[in-house]
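Q: Below are the chains, spelled out letter by letter.
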Amino acid sequence: MPLRLYQHKQLMLKILKYSFYDLMRSRWSYVYFLFYLALGFVLLFLNNDLSKAVITLMNVIIVLVPLISTIFGVMYFYNSKEFTELLLAQPLKRSSIFLGQYLGVASSLTMSLIFGLGIPFVLYGLFRSDTIWDFSLLLITGAFLTLIFTALAFNIALSNENKIKGFGYAVLLWLFLAVIYDGLFLLSLIVFEDYPLDSYSLVATMFNPIDLSRTLILLKLDISALLGYTGAVFKSFFGTNLGLLVSIAMLLIWTILPIWRLAYKSKRKDF
Amino acid sequence: MIVFKLPLTVFILFMGASLWGKTIEVCSSCKVKSIKEGVALATDFDTLLVKKGTYREFNIVIDKPLTLMGEEFPVIDGEDQGEIITITSDNVTVDGLFIINVGTSYTSDYAAIRVVKSKNFLIQNVVLEKLFFGIYLEKSQNGRVYHNNIVGDAVEEFNSGNGIQLWYCQNIEVDQNIVQHVRDGIYLEFSDNITIKNNTSSNNVRYGLHFMFSNDDIYENNHFENNGAGVAVMFSKKIRMLNNVFRKNWGTASFGLLLKEINDAEISGNTFEENTIGINIEGSNRIAYENNGFIKNGWAIKVRGACYTNSFRNNNFLYNSFDISYNSKLNDNVFEKNYWSNYTGYDLDKDGIGDVPYRPVKLFSYIVNRTPETIVLLRSLFMDIIDFSEKVSPVFTPDNLLDAMPLMKKSE
Numbered sequence: 001m002p003l004r005l006y007q008h009k010q011l012m013l014k015i016l017k018y019s020f021y022d023l024m025r026s027r028w029s030y031v032y033f034l035f036y037l038a039l040g041f042v043l044l045f046l047n048n049d050l051s052k053a054v055i056t057l058m059n060v061i062i063v064l065v066p067l068i069s070t071i072f073g074v075m076y077f078y079n080s081k082e083f084t085e086l087l088l089a090q091p092l093k094r095s096s097i098f099l100g101q102y103l104g105v106a107s108s109l110t111m112s113l114i115f116g117l118g119i120p121f122v123l124y125g126l127f128r129s130d131t132i133w134d135f136s137l138l139l140i141t142g143a144f145l146t147l148i149f150t151a152l153a154f155n156i157a158l159s160n161e162n163k164i165k166g167f168g169y170a171v172l173l174w175l176f177l178a179v180i181y182d183g184l185f186l187l188s189l190i191v192f193e194d195y196p197l198d199s200y201s202l203v204a205t206m207f208n209p210i211d212l213s214r215t216l217i218l219l220k221l222d223i224s225a226l227l228g229y230t231g232a233v234f235k236s237f238f239g240t241n242l243g244l245l246v247s248i249a250m251l252l253i254w255t256i257l258p259i260w261r262l263a264y265k266s267k268r269k270d271f
Numbered sequence: 001m002i003v004f005k006l007p008l009t010v011f012i013l014f015m016g017a018s019l020w021g022k023t024i025e026v027c028s029s030c031k032v033k034s035i036k037e038g039v040a041l042a043t044d045f046d047t048l049l050v051k052k053g054t055y056r057e058f059n060i061v062i063d064k065p066l067t068l069m070g071e072e073f074p075v076i077d078g079e080d081q082g083e084i085i086t087i088t089s090d091n092v093t094v095d096g097l098f099i100i101n102v103g104t105s106y107t108s109d110y111a112a113i114r115v116v117k118s119k120n121f122l123i124q125n126v127v128l129e130k131l132f133f134g135i136y137l138e139k140s141q142n143g144r145v146y147h148n149n150i151v152g153d154a155v156e157e158f159n160s161g162n163g164i165q166l167w168y169c170q171n172i173e174v175d176q177n178i179v180q181h182v183r184d185g186i187y188l189e190f191s192d193n194i195t196i197k198n199n200t201s202s203n204n205v206r207y208g209l210h211f212m213f214s215n216d217d218i219y220e221n222n223h224f225e226n227n228g229a230g231v232a233v234m235f236s237k238k239i240r241m242l243n244n245v246f247r248k249n250w251g252t253a254s255f256g257l258l259l260k261e262i263n264d265a266e267i268s269g270n271t272f273e274e275n276t277i278g279i280n281i282e283g284s285n286r287i288a289y290e291n292n293g294f295i296k297n298g299w300a301i302k303v304r305g306a307c308y309t310n311s312f313r314n315n316n317f318l319y320n321s322f323d324i325s326y327n328s329k330l331n332d333n334v335f336e337k338n339y340w341s342n343y344t345g346y347d348l349d350k351d352g353i354g355d356v357p358y359r360p361v362k363l364f365s366y367i368v369n370r371t372p373e374t375i376v377l378l379r380s381l382f383m384d385i386i387d388f389s390e391k392v393s394p395v396f397t398p399d400n401l402l403d404a405m406p407l408m409k410k411s412e
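Quick note, the sequences are listed as chains A and B, same order.
For the record, in the first sequence the residue sitting at position 21 is 21 according to our numbering, with numbers rising by one throughout.
For the record, in the second sequence the residue sitting at position 326 is 326 according to our numbering, with numbers rising by one throughout.
It is possible that some hints are incorrect.
For lysine-lysine, the following DSBU-like pairs were computed, each having C-alpha atoms within a straight-line distance of at most 35 Å [unchecked claim]:
no.: 1; chain 1: A; residue 1: 52; chain 2: B; residue 2: 337
no.: 2; chain 1: A; residue 1: 52; chain 2: B; residue 2: 329
no.: 3; chain 1: A; residue 1: 235; chain 2: B; residue 2: 139
no.: 4; chain 1: B; residue 1: 64; chain 2: A; residue 2: 220
no.: 5; chain 1: A; residue 1: 220; chain 2: B; residue 2: 248
no.: 6; chain 1: A; residue 1: 267; chain 2: A; residue 2: 17
no.: 7; chain 1: A; residue 1: 17; chain 2: A; residue 2: 81
no.: 8; chain 1: B; residue 1: 248; chain 2: B; residue 2: 410
no.: 9; chain 1: A; residue 1: 52; chain 2: B; residue 2: 260
no.: 10; chain 1: B; residue 1: 350; chain 2: A; residue 2: 52
no.: 11; chain 1: B; residue 1: 52; chain 2: B; residue 2: 197
no.: 12; chain 1: A; residue 1: 52; chain 2: B; residue 2: 197
no.: 13; chain 1: B; residue 1: 260; chain 2: B; residue 2: 31
no.: 14; chain 1: A; residue 1: 235; chain 2: B; residue 2: 329
no.: 15; chain 1: B; residue 1: 64; chain 2: B; residue 2: 130
no.: 16; chain 1: A; residue 1: 17; chain 2: A; residue 2: 165
no.: 17; chain 1: A; residue 1: 220; chain 2: B; residue 2: 391
no.: 18; chain 1: A; residue 1: 52; chain 2: B; residue 2: 248
no.: 19; chain 1: B; residue 1: 391; chain 2: A; residue 2: 235
no.: 20; chain 1: A; residue 1: 235; chain 2: A; residue 2: 9
no.: 21; chain 1: B; residue 1: 31; chain 2: B; residue 2: 51
no.: 22; chain 1: A; residue 1: 52; chain 2: B; residue 2: 409
no.: 23; chain 1: B; residue 1: 391; chain 2: B; residue 2: 409
no.: 24; chain 1: B; residue 1: 139; chain 2: B; residue 2: 52
no.: 25; chain 1: A; residue 1: 235; chain 2: B; residue 2: 31
no.: 26; chain 1: B; residue 1: 337; chain 2: B; residue 2: 409
no.: 27; chain 1: A; residue 1: 220; chain 2: B; residue 2: 31
no.: 28; chain 1: B; residue 1: 139; chain 2: A; residue 2: 220
no.: 29; chain 1: B; residue 1: 350; chain 2: A; residue 2: 235
no.: 30; chain 1: B; residue 1: 51; chain 2: B; residue 2: 130
no.: 31; chain 1: B; residue 1: 391; chain 2: A; residue 2: 52
no.: 32; chain 1: A; residue 1: 220; chain 2: B; residue 2: 51
no.: 33; chain 1: B; residue 1: 139; chain 2: B; residue 2: 33
no.: 34; chain 1: B; residue 1: 33; chain 2: A; residue 2: 220
no.: 35; chain 1: B; residue 1: 329; chain 2: B; residue 2: 248
no.: 36; chain 1: B; residue 1: 410; chain 2: A; residue 2: 52
no.: 37; chain 1: A; residue 1: 220; chain 2: B; residue 2: 337
no.: 38; chain 1: A; residue 1: 235; chain 2: B; residue 2: 260
Just so you know, the hints here were simulated from the structure itself, not pulled from any lab data.
Model the full structure from these sequences, guided by the hints.
A: Structure below.
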């Protein structure tokens, strides 16, 4: 490995570590962890049934994980601004500073999610039940959503000096992708119901990471309902592994694009 | 009277065989080399003992009361020429044969074993492969089809036959058979007082079990899996469907159970698991659904219309994408004391019954009925919000369609 690249990587890891420990000390990741822990236990206590809890959890994950990641990402970015500016004064590569911070936040959030939900489910006998695949898929999508929405939040914060504006945009982004997008989507489907819509509806799903994660989970939980629709495109998408592969590929793109923009913008930004 | 007749005749038959019937052995080295020859030589109530070997024969007509007994599953190869065994006499037993290569025809329904206008027959331990129609019972009574194994190779509906077919039959018992890869596993037309139990019917091109114009029949403890479309019960009265399992019937026109023009039936103790549609109901009245389990279906119950005075009690609805789907605003059916896994109410007085009624029909299921592509929005937050508002003040769903006494725990 060339020396410069090696240094860059070392530096990024250092900043990642710093952000990570910073979050650990700041209690926020504990709060997040405890929240998921409590949620997991309460769900299992109320339902006493793994497969039902997995369904409820799905609803929680596709709504709450993006919200928390967005808010947390924006908050962290603004809070550590002074430290960032201090780092910027040093002869360090910019992209490694921001990527390091981003990865620190995203990984601590992901770990809180995985351990917070994992522990109660494992204690309730996850390994002995057949829902383990549904559950791991749930955690994987949760992790993806954390990565995506933290990156989006960092992008918003980087582009907005004004904190209030930044927060506003972040919440709006969440609201749009979690609720409004689906509303418009539904409306468009009903308005154009006379036309063949199966390809359109699948493509429209791809443009929203929340819908995408939902589709991924639907493939596991509701495959029998999805196959009820007459349409060759649907059939090849949901009936084979194509749906799974395409969804995961799209989630990867959704993760990489904002991270790339973060690195790109951070290089050019005037502080 | 009829009930007593069957065991009695079987008894007499066995007595007959041992007391005054003689046994004719059929094998390649015996005096009698073919089954046809054996039938011609035999007198009433004889036993034909077919030894191990391959017999290339078809159109074997059994026109006298005989017992056709195979030893170590002799193979009767029809070489795709036509029908193999035709039974036209009363009191015939066929036991332990391996019949293959039934001819395919588009003008006549060739069967491996056909029973025509006969009484008191018994067909058991028969293995059928490469068949067109398997066991075809025609205008026959008081018979038993027991413990047979039928494996076809059907791919298309138009050039394949049914595993076990009953046409104008009465008082027949179909028990412990395995039917796979044919068109309809078991098919009944104009057949009354039939008992179908402990059978396994799977991977068939069309239906696992199919009723047409047949009344007063009962089927219980059967297992139907991965058929083109589960079980279809059409234009029949007083059918009892008990303790069957319907699994994994997936596809656009697939269901566990299809009811069309069915009156006064009883459906209880059945399990519907992972079907696209658990039960599809059309024009069916006065049916009692009790103690059934609906697990992980796309639609547990789809009501297509013209269904009146049905009652659903003590059923378990677990993790279905949609519990009930209706396409009209009219409701005359009763839902009571079912367990719904989607129920979110509470039970303050601790009597095991939820204090808030449960509305099993979601607004979303109406939207999906209208625009099927919207299914991709299943379980989205937006849909949940819409469903919630509909639940609070029903506009599109029938106002009285609710379970006023939902159970808090699964009913046993």
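Q: It remains to establish, for every hint, whether it holds in the given structure.
A: Hints, verified against the model:
The hinted pair formed by residue 52 of chain A and residue 337 of chain B meets the criterion: a straight-line CA distance of about 20 Å does not exceed 35 Å. A distance of roughly 30 Å separates the Cα atoms of residue 52 of chain A and residue 329 of chain B; the hinted pair therefore holds under the 35 Å criterion. Between residue 235 of chain A and residue 139 of chain B the CA atoms are separated by roughly 43 Å; this puts the pair beyond 35 Å, and the hint is violated. Using a Cα cut-off of 35 Å, the hinted pair residue 64 of chain B and residue 220 of chain A is violated, with the two alpha carbons roughly 58 Å apart.
Taken as a hint, the residue 220 of chain A and residue 248 of chain B pair is honoured in the structure, with Cα atoms around 14 Å apart against an allowance of 35 Å. Taking the CA atoms of residue 267 of chain A and residue 17 of chain A, the gap is near 21 Å; set against the 35 Å cutoff, the hint holds. Proposed proximity of residue 17 of chain A and residue 81 of chain A is supported: the alpha carbons are some 17 Å apart, at most 35 Å. Between residue 248 of chain B and residue 410 of chain B the alpha-carbon distance is near 22 Å, which keeps this suggested pair within the 35 Å criterion.
Between the alpha carbons of residue 52 of chain A and residue 260 of chain B the distance comes to roughly 33 Å, so the proposed pair stays at or under 35 Å and holds. Proposed proximity of residue 350 of chain B and residue 52 of chain A is supported: the alpha carbons are some 22 Å apart, at most 35 Å. Only pairs whose Cα atoms come within 35 Å are accepted, and residue 52 of chain B paired with residue 197 of chain B is accepted, the gap being roughly 31 Å. For the proposed pair residue 52 of chain A and residue 197 of chain B, the alpha carbon gap of about 33 Å is at most 35 Å, so the pair holds.
Distance hint between residue 260 of chain B and residue 31 of chain B is unfulfilled; the C-alpha atoms sit about 56 Å from each other, more than 35 Å. For the proposed pair residue 235 of chain A and residue 329 of chain B, the alpha carbon gap of about 31 Å is at most 35 Å, so the pair holds. Restraint check for residue 64 of chain B and residue 130 of chain B: the C-alpha separation of about 28 Å stays at or below 35 Å, so the hint holds. The hinted pair formed by residue 17 of chain A and residue 165 of chain A meets the criterion: a straight-line CA distance of about 29 Å does not exceed 35 Å.
With a CA separation close to 27 Å, the supplied pair residue 220 of chain A and residue 391 of chain B stays within the 35 Å bound. The straight-line distance between the Cα atoms of residue 52 of chain A and residue 248 of chain B is roughly 20 Å, inside the 35 Å bound, and the hint therefore holds. Of the pairs offered as hints, the one joining residue 391 of chain B and residue 235 of chain A holds, with about 32 Å between alpha carbons and a cut-off of 35 Å not exceeded. A C-alpha spacing of about 44 Å is found between residue 235 of chain A and residue 9 of chain A, which places the hinted pair above 35 Å, so the restraint is violated.
With a C-alpha separation of about 12 Å, the suggested pair residue 31 of chain B and residue 51 of chain B falls inside the 35 Å cut-off, and the hint holds. Between residue 52 of chain A and residue 409 of chain B the alpha-carbon distance is near 13 Å, which keeps this suggested pair within the 35 Å criterion. A C-alpha spacing of about 22 Å is found between residue 391 of chain B and residue 409 of chain B, which places the hinted pair at or below 35 Å, so the restraint holds. With a C-alpha separation of about 32 Å, the suggested pairing of residue 139 of chain B with residue 52 of chain B holds against the 35 Å cut-off.
The hinted pair formed by residue 235 of chain A and residue 31 of chain B fails the criterion: a straight-line CA distance of about 61 Å is larger than 35 Å. Of the supplied pair hints, the one linking residue 337 of chain B and residue 409 of chain B holds, its CA atoms being roughly 10 Å apart against a limit of 35 Å. Between residue 220 of chain A and residue 31 of chain B the alpha-carbon distance is near 64 Å, which puts this suggested pair outside the 35 Å criterion. Distance check on the hinted pair: residue 139 of chain B and residue 220 of chain A sit about 48 Å apart at the alpha-carbon level, beyond 35 Å; violated.
Under the criterion of a C-alpha separation no larger than 35 Å, the hint pairing residue 350 of chain B with residue 235 of chain A is inconsistent with the structure, at around 46 Å. About 22 Å separates the Cα atoms of residue 51 of chain B and residue 130 of chain B, which keeps this hinted pair within 35 Å; it holds. Restraint check: the Cα-Cα separation between residue 391 of chain B and residue 52 of chain A comes to about 21 Å, which is no more than 35 Å; the hinted pair holds. A threshold of 35 Å between alpha carbons decides the hint, and for residue 220 of chain A with residue 51 of chain B the separation of about 53 Å lies outside it, so the pair is violated.
Distance restraint check for residue 139 of chain B and residue 33 of chain B: the Cα-Cα separation of roughly 32 Å lies within the 35 Å cut-off, and the hinted pair is therefore satisfied. Pair hint residue 33 of chain B plus residue 220 of chain A does not hold up; C-alpha atoms about 59 Å apart against a cutoff of 35 Å. Taken as a hint, the residue 329 of chain B and residue 248 of chain B pair is honoured in the structure, with Cα atoms around 30 Å apart against an allowance of 35 Å. The hinted pair formed by residue 410 of chain B and residue 52 of chain A meets the criterion: a straight-line CA distance of about 13 Å does not exceed 35 Å.
A C-alpha spacing of about 30 Å is found between residue 220 of chain A and residue 337 of chain B, which places the hinted pair at or below 35 Å, so the restraint holds. A threshold of 35 Å between alpha carbons decides the hint, and for residue 235 of chain A with residue 260 of chain B the separation of about 27 Å falls inside it, so the pair holds.
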